[in-house]
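For the numbering used here, add 10 to where a residue sits in the sequence shown, where the first one is 1.
Mixed in with the good hints there might be a few duds.
[Stated by the list, open to error] Under the rule of at most 30 angstroms between Cα atoms (straight-line distance), these lysine-lysine pairs were calculated in the DSS-like manner:
| # | residue 1 | residue 2 |
| --- | --- | --- |
| 1 | K348 | K231 |
| 2 | K328 | K348 |
| 3 | K231 | K295 |
| 4 | K328 | K231 |
| 5 | K328 | K342 |
| 6 | K342 | K257 |
| 7 | K257 | K349 |
| 8 | K295 | K257 |
| 9 | K342 | K295 |
| 10 | K231 | K349 |
| 11 | K349 | K328 |
| 12 | K231 | K257 |
| 13 | K348 | K257 |
| 14 | K231 | K342 |
| 15 | K295 | K328 |
[Stated by the list, open to error] Simulated DEER-style distance windows between Cβ atoms:
| # | residue 1 | residue 2 | range |
| --- | --- | --- | --- |
| 16 | G366 | M256 | 18 to 26 angstroms |
| 17 | A389 | E76 | 20 to 28 angstroms |
| 18 | S152 | T265 | 12 to 20 angstroms |
| 19 | A94 | K257 | 50 to 58 angstroms |
| 20 | E75 | Q228 | 38 to 46 angstroms |
| 21 | R383 | N252 | 27 to 35 angstroms |
| 22 | A94 | G243 | 18 to 26 angstroms |
To be clear, the hints were calculated from the coordinates, so they are not data collected in a lab.
All of these numbers come straight from a predicted model, not from anything done at the bench.
For every residue, glycine included, the Cβ atom is placed at its ideal position computed from N, Cα and C.
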Amino acid sequence: MITSPPLSHSCGSDLIDDTDMEQDLAEMLELPLKTRCLSNNFAELLDYKKARVSEGEGAERRHVEELLQDASRLNDLVGQGMAAETVGRGWGSRDSCASQTNYSAAATAASTTCGSITHFRLSESDSDEDLPFEEHLKRVISRRLAMRQWHREDGRLDMLSESEFDTVSNSPTASSASPRTAKGTYRRKDSALLTPQDNKDNGCAMDAQIMTAEEALQQFKEDIGVVVHLSQGSVAAATDRNPFEMKAAASVTYTQYLDRINSKCMFAPIVYQTAGCLLLRLTLKWPPLEPGPVQIRWPISESYVHRLIVALIRVSTKIVEDTVHSHEYFSKVCGISKKLLMRLELALILVLRGDGLMVTAAALQAASNARFRLRQQSALQAGAAR
Numbered sequence: 011m012i013t014s015p016p017l018s019h020s021c022g023s024d025l026i027d028d029t030d031m032e033q034d035l036a037e038m039l040e041l042p043l044k045t046r047c048l049s050n051n052f053a054e055l056l057d058y059k060k061a062r063v064s065e066g067e068g069a070e071r072r073h074v075e076e077l078l079q080d081a082s083r084l085n086d087l088v089g090q091g092m093a094a095e096t097v098g099r100g101w102g103s104r105d106s107c108a109s110q111t112n113y114s115a116a117a118t119a120a121s122t123t124c125g126s127i128t129h130f131r132l133s134e135s136d137s138d139e140d141l142p143f144e145e146h147l148k149r150v151i152s153r154r155l156a157m158r159q160w161h162r163e164d165g166r167l168d169m170l171s172e173s174e175f176d177t178v179s180n181s182p183t184a185s186s187a188s189p190r191t192a193k194g195t196y197r198r199k200d201s202a203l204l205t206p207q208d209n210k211d212n213g214c215a216m217d218a219q220i221m222t223a224e225e226a227l228q229q230f231k232e233d234i235g236v237v238v239h240l241s242q243g244s245v246a247a248a249t250d251r252n253p254f255e256m257k258a259a260a261s262v263t264y265t266q267y268l269d270r271i272n273s274k275c276m277f278a279p280i281v282y283q284t285a286g287c288l289l290l291r292l293t294l295k296w297p298p299l300e301p302g303p304v305q306i307r308w309p310i311s312e313s314y315v316h317r318l319i320v321a322l323i324r325v326s327t328k329i330v331e332d333t334v335h336s337h338e339y340f341s342k343v344c345g346i347s348k349k350l351l352m353r354l355e356l357a358l359i360l361v362l363r364g365d366g367l368m369v370t371a372a373a374l375q376a377a378s379n380a381r382f383r384l385r386q387q388s389a390l391q392a393g394a395a396r
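Assemble the whole structure, with the sequences as input and the hints as a guide.
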């Protein structure tokens with residue numbers, strides 16, 4: 011019988027200690043460690059693998075309002091760069107340039123009037139796929155870059171027109187013509203699309219455009235109230251108004267609804283002024299005749315106001331603003347589905363087709379005059395009812 015030679019005490023203790031150490035390491039790290047590659051096991055654990063294991067797959071995604079705030083900051087930076095380039099030509103010194111920034115710096119501010127989005131809805135949600143935020147951000151940046159290029163080209167055209175005017179004014183053939191006539195030949199402008207300063211120089215009153223966003227919003231609320239008051243007792247064909255009619259009463263009044271939209275979107279004053287102009291064109295016999303009372307052509311009631319507000323503001327924003335909020339965001343703010351928002355836009359455009367959608371300085375002034383007559387007529391009817 012062959013027996014193995016006895017082990018010394020020192021060798022046996024060394025084997026036992028090594029085995030215990032390997033078992034302890036295997037239990038602590040929970041990895042299949044081998045004796046021959048014990049020194050190389052830790053090198054195989056790369057940094058990105060460690061981070062992936064520690065991070066986990068259940069990390070929360072960023073909220074959509076945080077992404078919109080980042081987009082607003084990016085829009086502000088781009089707008090500041092555009093204003094710095096065009097300040098030499100006076101673009102950034104006028105109050106009207108505030109509308110070009112779309113007042114979107116506080117677009118995602120919390121609303122204290124009407125609560126959160128989930129507490130108010132005008133329709134059921136649809137199953138359409140959401141527009142990716144990255145795609146919306148790319149569209150906003152591309153529009154900003156396009157506007158910057160357009161401003162540069164517009165500046166070159168202005169310099170070219172000035173040089174051509176100087177050349178023509180120094181020629182002997184143009185000496186008999188007046189300076190105003192000669193300059194107007196090369197720099198004609200549409201009087202209906204002039205800036206507030208140009209209209210003031212031409213004698214056109216532009217008091218309707220000199221107001222803050224709060225004043226314009228309050229004026230829009232008063233327009234709706236006067237039209238609803240004068241529409242009482244009137245009967246009209248409801249064919250074109252069916253998309254705007256609500257099946258049930260809204261959970262908030264139209265004034266609270268407007269405050270909610272303003273707190274979430276922060277539109278410029280010109281948006282509410284344009285919405286009021288479109289409202290008067292839609293509901294009154296336009297243009298209103300000078301003698302006699304203003305007549306209601308398209309009566310509205312409380313059941314039409316909320317959806318009509320959505321369509322008026324959305325269409326007005328697309329008429330006068332360079333950039334608008336995404337379709338998904340505005341539908342969530344208004345508490346309606348994206349499909350219904352598109353239907354309301356199309357319905358209003360079809361009713362006001364053609365010249366009804368042209369908003370000019372003269373149109374805003376005509377709306378201001380009609381608004382003054384409506385206030386007087388409503389006050390007379392209220393006094394007669396007493």
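Hints, one by one, checked against the model:
{"no.": "1", "hint": "K348 to K231", "verdict": "25 angstroms, holds"}
{"no.": "2", "hint": "K328 to K348", "verdict": "16 angstroms, holds"}
{"no.": "3", "hint": "K231 to K295", "verdict": "20 angstroms, holds"}
{"no.": "4", "hint": "K328 to K231", "verdict": "20 angstroms, holds"}
{"no.": "5", "hint": "K328 to K342", "verdict": "18 angstroms, holds"}
{"no.": "6", "hint": "K342 to K257", "verdict": "19 angstroms, holds"}
{"no.": "7", "hint": "K257 to K349", "verdict": "17 angstroms, holds"}
{"no.": "8", "hint": "K295 to K257", "verdict": "28 angstroms, holds"}
{"no.": "9", "hint": "K342 to K295", "verdict": "34 angstroms, violated"}
{"no.": "10", "hint": "K231 to K349", "verdict": "26 angstroms, holds"}
{"no.": "11", "hint": "K349 to K328", "verdict": "18 angstroms, holds"}
{"no.": "12", "hint": "K231 to K257", "verdict": "23 angstroms, holds"}
{"no.": "13", "hint": "K348 to K257", "verdict": "18 angstroms, holds"}
{"no.": "14", "hint": "K231 to K342", "verdict": "22 angstroms, holds"}
{"no.": "15", "hint": "K295 to K328", "verdict": "25 angstroms, holds"}
{"no.": "16", "hint": "G366 to M256: 18 to 26 angstroms", "verdict": "24 angstroms, holds"}
{"no.": "17", "hint": "A389 to E76: 20 to 28 angstroms", "verdict": "48 angstroms, violated"}
{"no.": "18", "hint": "S152 to T265: 12 to 20 angstroms", "verdict": "37 angstroms, violated"}
{"no.": "19", "hint": "A94 to K257: 50 to 58 angstroms", "verdict": "51 angstroms, holds"}
{"no.": "20", "hint": "E75 to Q228: 38 to 46 angstroms", "verdict": "27 angstroms, violated"}
{"no.": "21", "hint": "R383 to N252: 27 to 35 angstroms", "verdict": "30 angstroms, holds"}
{"no.": "22", "hint": "A94 to G243: 18 to 26 angstroms", "verdict": "57 angstroms, violated"}
When the structure is compared with the earlier hints, violations turn up for hints 9, 17, 18, 20, 22 and for no others.
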